[in-house]
Every structure is written in C-alpha cells, then in structure tokens.
Amino acid sequence: DTAVSQTPKYLVTQMGNDKSIKCEQNLGHDTMYWYKQDSKKFLKIMFSYNNKELIINETVPNRFSPKSPDKAHLNLHINSLELGDSAVYFCASSQDAPLTGGTDTQYFGPGTRLTVL
Amino acid sequence: QKEVEQNSGPLSVPEGAIASLNCTYSDRGSQSFFWYRQYSGKSPELIMSIYSNGDKEDGRFTAQLNKASQYVSLLIRDSQPSDSATYLCAVNFRGSTLGRLYFGRGTQLTVWP
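Chains V and Y are the protein sequences, given in the same order. When we follow my numbering, the leftmost residue of the first sequence carries the number 22, and every step to the right adds one. When we follow my numbering, the leftmost residue of the second sequence carries the number 5, and every step to the right adds one.
Simulated from the structure, these hints should not be mistaken for laboratory data. All C-beta atoms, glycine included, are put in the ideal place defined by N, C-alpha and C. Among the hints, erroneous ones may be present.
[What the hints assert, rightly or not] Pairwise CB distance ranges (calculated): (1) E19(Y) with K30(V): 29 to 37 Å; (2) E19(Y) with K62(V): 18 to 26 Å; (3) K62(V) with P18(Y): 35 to 43 Å; (4) P18(Y) with T80(V): 27 to 35 Å; (5) K61(V) with Y55(Y): 28 to 36 Å.
[What the hints assert, rightly or not] Cβ-to-Cβ under 7 Å is the rule here; a few derived chain V residues that face chain Y: (6) S41; (7) T52; (8) K62; (9) F63; (10) I76; (11) F85; (12) F129; (13) G132.
Chain V with its partners taken away, still in its complex shape (with noise of 0.2 Å):
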C-alpha cells in the first residue's frame, strides 16, 4: 500500500516544453504540499494545499501552477520548462495541522526526478 505517490519517477524533456508531474495519497490527510529538492539537496516548499484550498505559495515562478482537484490529489504543471527547472520534486501530505494543535508529521512521496535537457 502506497501512502503517497507520484508519477512519473523519472522525467526527461527539452526546455520550453510543458509538463505535468501527479501526485496521490490515501493517507485520508487534509493537507498537501509540492517541495523541490535541488542538486545540492537543499529541499524547500513550493505550494500547499488544505482540502483543496492554496494555503502557501512561495516565491516560485508562475510557470508552476499546482491544482488539486480533491483533497487526495495534487498536481504539478510546468509550462516554458527550463535548465533550472532540473530536480527532484516531492509532493507530501499531512493531517490537519489544527487538529493536532500543531504541525503534523509530513509523509513524503517517492519524488520526481525531472531533468531539462
């Protein structure tokens, strides 16, 4: 049973071209994010989403638009692909933060690797 999972593993694409990375958990979480992990290891948050709704948006290109279509799923759309664009993505989810009183444990999807040639 996978908690949370992404699709693809891998990605290989030229810049300029527009790409799509998907994102599930069956966790039952309410809350869900989209990090980037550079070549350096250096992972930093790009969006979240509880039940559906955007709660943190970074300061990240608005080539990246993230969509939640239900509160089990995430996706990541990339349009005008470019050579930083290269690195793992990891979308992850948690509970509710306010039903815990506090931040929750973040389960953490297997990652994206996405490489623009």
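With the hints as your guide, set chain Y onto chain V.
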C-alpha cells in the same frame, strides 16, 4: 530571516559509536522541530519530532531540544552502517503557516563497519 543551519558534514563514525547531529535555528519562538532521514535517491522519512525542551527518546534515537539556545540535536546510539544517510533538520517557525517547514541543508552521516 528564517534560517535552519546544519553542518553539512560528512560526519563519519565507526559502527557502534554515538553519532551526534546538530541544528540551530533563527527564531526562539519556534514550536515544532523534526528530524528526517534521507537515503541517497530516496525520499525523506521522519525519524523524530520534538516540541518541548528536553530529551525525547525512541529506540536508538534521542532528540534534544533547547529553545533558549535555539538548538536541536539528534543522537544515534550504537550506530549501524544502515544509518548512513543524510539527516535533515526541519522547523516550523513562529508565525508561519502551520505545516510550513523550513529545512536545513542536511548532514551526511557515514557509519563505517
């Protein structure tokens, strides 16, 4: 400025030793602290969470939090080669959206047999 600092390492210890990983953060009012382990090519997985000053133990792992010194550490007792990984410290800063974690750059640990 919200910052989480870790020594990048690599930290190398022999099997059976205690590995000590350190993390400092910039806001004394922060509430939630996490240690994640990340094997090469894999995703981060939670090792420990700690919210109050003092020690929290879970098996061979002990997290130590000192809010006055803005310091959180992870001790791994009886280190095993399977503990070789990058350890990420994460903080939810005061005033940040709940769930908004700031990560350090990680400390690479190698345990040699």
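The hints, checked one at a time:
1. E19(Y) with K30(V): 29 to 37 Å: At 32 Å between Cβs, range holds.
2. E19(Y) with K62(V): 18 to 26 Å: holds, 24 Å
3. K62(V) with P18(Y): 35 to 43 Å: Between K62(V) and P18(Y), where Cβ atoms are some 24 Å apart, the hint is violated.
4. P18(Y) with T80(V): 27 to 35 Å: violated, 43 Å
5. K61(V) with Y55(Y): 28 to 36 Å: Once the Cβ atoms are compared, 29 Å apart, the range 28 to 36 Å for Y55(Y) and K61(V) holds.
6. S41: violated, 19 Å
7. T52: holds, 6 Å
8. K62: holds, 5 Å
9. F63: holds, 5 Å
10. I76: Since the shortest Cβ distance to chain Y is 6 Å, the answer is holds.
11. F85: violated, 17 Å
12. F129: For F129(V), the interface hint holds, since the closest Cβ of chain Y sits about 4 Å away, which is under 7 Å.
13. G132: Nearest chain Y Cβ about 5 Å off; hint holds.
When each numbered hint is compared with the structure, violations occur for hints 3, 4, 6 and 11.
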